[in-house]
Amino acid sequence: MRRALSLILKAEKYDTVTTGSGPRATRLLERGRYDLLLTDLFVPAPDGLDLFNRWSGELPVLILTGFAQSPRGMLARGAAGDAFLEKPFSAQTLRETVAVLLTRGPDRKMGSDEDGVMDSHGNHRGYRIKSKQRRDR
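Under the numbering used here, think of the first position of the sequence shown as 1, with each following residue one higher.
None of these hints come from the bench; they were simulated from the model. Among these hints, one or two may not hold up.
Said to hold, decoys possible - Pair ranges (Cβ atoms, derived): (1) Gly-32 x Gln-69: 33 to 39 Å; (2) Phe-67 x Thr-18: 17 to 23 Å; (3) Asp-15 x Gly-78: 18 to 24 Å; (4) Gln-69 x Glu-12: 28 to 34 Å; (5) Gln-92 x Asn-53: 25 to 31 Å; (6) Thr-103 x Ser-21: 27 to 33 Å.
The beta-carbon is built from N, C-alpha and C at its ideal position, and this holds for glycine as well.
Model the full structure from these sequences, guided by the hints.
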């Protein structure tokens, strides 16, 4: 999964760094400058929610999970709000979500100029931007 996500984002011209553990992600984040943290909820401790809680004030954090209905998944969804994708999701949804997170910056919930796009079954399908005005942080 990590490799597939990296390939999708590299195709959009994003530079990516991958790791499979929370401790290694923490070390990388402490030593480098990154524009976005994309994490699975259940990486080895610190898990995705712990990483979100630690880093969301400094950079956008996107949590991915296949266990959204688990107790930890529900906590993560509540904390991350729109920065949460339930597996499976499409490459297009990932691309759109990453683009929105990068434009709105760290620790920001969706504002009045953005709407989540849902399909007829209530599944998240990305974002529609109503206004193209640039927001200052």
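The hints, checked one at a time:
Our hint of 33 to 39 Å for Gly-32 and Gln-69 holds, since their Cβ atoms are close to 34 Å apart. Distance hint for Phe-67 and Thr-18: a CB-CB separation of about 21 Å, consistent with the stated range 17 to 23 Å. About 31 Å separates the C-beta atoms of Asp-15 and Gly-78, a value inconsistent with the hinted range of 18 to 24 Å. As the Cβ distance of Gln-69 to Glu-12 is approximately 30 Å, the hint placing it in 28 to 34 Å holds.
The supplied range of 25 to 31 Å is met by Gln-92 and Asn-53, whose beta-carbon atoms lie about 29 Å from each other. Checked against the hint of 27 to 33 Å, the pair Thr-103 and Ser-21 passes, with Cβ atoms roughly 29 Å apart.
When the structure is compared with the earlier hints, a violation turns up for hint 3 alone.
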